[in-house]
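Below, each chain spelled out in residue letters.
2 protein chains.
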Amino acid sequence: MDKLYIGVDIGGTMIKTGIFTAAGELLRKWEIPTDISNSGNRILADITVSIRDNLKQNSWGFKQVAGVGVGVPGPVLESGYLENCVNLGWGNIYPAEALSELLDGIPVVTGNDANMAALGEYWQGSGKGFRSIVFITLGTGVGSGIIVNGKMLYGAKGLCGEIGHISVNPEETEVCNCGHMGCLDQMASAIGLVRNGKRILARNTEPSLLRKQATLSAKQILDAAKAGDRLAVETVEYCMKFLGKSISDMSYIVDPEVFIIGGGVSKAGDFIIAIIRKYYEEHAQLVSGKAQIILAELGNDAGIYGAAKLSYDMCNE
Amino acid sequence: MDKLYIGVDIGGTMIKTGIFTAAGELLRKWEIPTDISNSGNRILADITVSIRDNLKQNSWGFKQVAGVGVGVPGPVLESGYLENCVNLGWGNIYPAEALSELLDGIPVVTGNDANMAALGEYWQGSGKGFRSIVFITLGTGVGSGIIVNGKMLYGAKGLCGEIGHISVNPEETEVCNCGHMGCLDQMASAIGLVRNGKRILARNTEPSLLRKQATLSAKQILDAAKAGDRLAVETVEYCMKFLGKSISDMSYIVDPEVFIIGGGVSKAGDFIIAIIRKYYEEHAQLVSGKAQIILAELGNDAGIYGAAKLSYDMCNE
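First to last, the protein sequences are chains A and B. Residue numbers for the first sequence follow this note's numbering, so the first one is 1 and each next one is one higher. Residue numbers for the second sequence follow this note's numbering, so the first one is 1 and each next one is one higher.
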C-alpha cells in the first residue's frame, strides 16, 4: 500500500487539490470553490471534507496519506505562521496546525503559492533535473519562487520571490498598488501589458490590429505582436525589457541554473521567451548565456505538485 | 584537546589566516603575501607552510586541526571547482582538494570571499542571532553574500551575491568593467563615489571642501558630507540612492532578516546607514521597516571567520 501525498492550492476563487504518489504521479485532482465569507473560516473544513470524500470515492484509505501540503496566497512563514492574507480574509493563524487537527493529525505543511508552484516545476515540470531554479509567473501580477539545492526559500517575512515589487522603471509616473512607482508588476504582468499597450496606442496615430478591440487584453497584444503588428511588438518589447533586466539582476543575486517562465503571459510560448532572453543577455554581460530561460510545463497544476512535494520532503527528511 | 578550525582568506595581495575554536574564538591570526607569479602556483604551498609553522610556534598539534576553509576571490562552485580566478591566475582547478593533499588529508572547503565574509558576520559578527542575512561590502567594488537559514548560498555558477553588476541606473553613459552600463558597482563603491563626486563638482560652480583635494578619495567625500558640504552630501545621496533601491529589490527577492553593511565605505558609520535606509524605505513600500540595516563588525577579519565556520559546518553536519 503505497503512501499518498496531497497537494492543496488555495486560490481566491477556487481551491485545487491533487493526490500524488511518492514518485510524483498525479492520481486524481479536483476543485472546490473558495468560501471567503466570514473571514474564510470555512476554508479548512471544506478542504477536509473534500479530501475525505475523494479518498473514499477512490477506495484509498485515510491512513495511506503520509502528508498534506497547502499553498496559500499570502506570506506564510517557514514556522507556519500567517500574519495576514487579504485574499482569504485570514489573519494571525497557523493554517497547517489547524488543518492537521481536522485531518486527525496527518502532518500538514504550508508555503506561499508562487513558491509552491516553483517547487512543483522543480519536481515534475520543466525544472526536473535542475538543482536550483527561479520560477517566474506572469499573470495578473508578477510573482516568483526560488529553489536552491532542492529547497524552497521562504524568506524571513514570507516575501521571498515577491519580485512584482522590485523597482525597474524610474520613469514610471503611475502609482503601483504597493504605493511605489515603477514596479515590475506595472510592466511585465498581463495588466502591465494592457496598461502600456493603451499608452503606446494613445501616443501613436499609425494603424494597429489593437485599435479594433473594444477592450484590450494581454492575449490580444501578444497575438497581434506575433502577427507582426508594430505597436503590439513595441508594447511587448517595452514591457519585457524590464523583465529581462530583472532576470539579469536575479542571476547576480541568486544565480540559478534556469529561469522558468509560467503564468498566462507565458502562453505566448517561444515568442515571448526570445524577447525576454534578448534583454536578459543585453544586461547580464558577466553571466551571458549561463542561465537558461525556458517555459513552465505544469500550468495551473504547478501549485498542487509543489504542495505535494513539500509534504513529501517534510515526511522523508 | 579541543579541535581547531582554520580560516584562510586569499586576497590579490595578501593571504590572511586565522586559527579558531569550535566556539568561534579567534586564537591567532597572521598574513603572508600572495605570490601571483607563475599563475599563482605557489599559493597553496605557501599557505601550507604558514599553517604548519604557526601551529608549531604555538605548540598546537597538527592533528588538532579538524578542518580548513578557504575564501577565494572568484566564483568557486559548491563542488569546489573554480573555472577561472583572474586575481590569482588560477583556472580549471579544485583548490580544496589540492590543499587537502598538501595538508595530509585534513578536509578543506572553499567558498567565494564575499560569501565567506557574510558567513563570518553571521557567525561571530553583527549577524549573530539572525538566521538569514545579506552582507554587503562597499569597497573598491560592491559585493555581497547571502546566508539563508544558516547556509551560505553559492549559486549555480558561483555568482551568488555578485550584486556589483545588477543594473540600477539606466541614465549612466560610462561602460562598467563588465561591459554593461549603470551597474551598482559604478555607483555605490568607493570608486563610484569618487567618479560621481568628480562629475558633480564639474557641473557645479559653488565652493566645496572637495575642491581643495589634489586627488579625491571616497573617504574625503564621506568626511566632507558629514561636515555638511553640500556637493559632498549630493554625491553621497546620489550614490546611496541606488544602493537603497537595490536593498529594497533584494528584500523582495531573498527577504533576509537583516542587511549588514561592511567594506571601506561603511566606515562612515551611522551616517551612511541612515542615508541607505532612507532610500531603502522609499522603495520598499510593502516591506518598509521590516528588514534591519546595520553595520558589519568584523572588518577585514570577516573572511577568515567565515572560512573557519564553513570548515566547522563541513566537519560537524
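Treat the hints loosely; a few may be bogus.
For identical chains, the list gives no copy identity; a pair is met inside one copy or between any two copies.
DSS-like cross-link-like pairs, simulated, lysine-lysine; straight-line CA separation at most 30 Å [claimed, not checked]:
id : residue 1 : residue 2
1  : Lys151    : Lys128
2  : Lys278    : Lys3
3  : Lys3      : Lys16
4  : Lys157    : Lys278
5  : Lys63     : Lys198
6  : Lys128    : Lys278
7  : Lys29     : Lys63
8  : Lys290    : Lys151
9  : Lys3      : Lys157
10 : Lys63     : Lys278
Read the hints as simulated data drawn from the structure, not as lab findings. Since the structure is predicted, the reported quantities are computational estimates derived from the model, not experimental observations.
Tell me, please, which holds for Lys3 and Lys157 at an alpha-carbon limit of 30 Å: within, between, both or neither? For Lys3 and Lys157, neither the intra-copy (33 Å) nor the inter-copy (37 Å) Cα distance is at most 30 Å.
Intra/inter-copy verdict for Lys290 and Lys151 if alpha-carbon distance must be at most 30 Å: The answer is both: 21 Å in one copy and 24 Å across copies each meet 30 Å.
Quick one: Lys128 to Lys278, C-alpha cut-off 30 Å, is that within a copy, between copies, both, or neither? within (24 Å within a copy, 42 Å between copies)
Alpha-carbon proximity context of Lys63 and Lys198, limit 30 Å: neither (55 Å within a copy, 72 Å between copies)
At 30 Å max between alpha carbons, let me know whether Lys278 reaches Lys3 within a copy, between copies, both or neither. neither (45 Å within a copy, 52 Å between copies)
At most 30 Å between alpha carbons: which applies to Lys151 and Lys128, within, between, both or neither? both (13 Å within a copy, 23 Å between copies)
Regarding Lys3 and Lys16, is the shortest C-alpha distance of 30 Å or less found within a copy, between copies, in both, or in neither? Close inside one copy (20 Å), not across copies (53 Å); limit 30 Å.
Tell me, please, which holds for Lys63 and Lys278 at an alpha-carbon limit of 30 Å: within, between, both or neither? neither (51 Å within a copy, 54 Å between copies)
Up to 30 Å CA-CA - Lys278 versus Lys157, copy category: between (33 Å within a copy, 20 Å between copies)
With identical chains, the pair Lys29 and Lys63 could be close in the same copy or across copies; at 30 Å between alpha carbons, which is it: within, between, both, or neither? The answer is within: 19 Å in one copy meets 30 Å, while 58 Å across copies does not.
Violated hints, listed in ascending order, are 2, 5, 9 and 10; each of the other numbered hints is respected by the structure.
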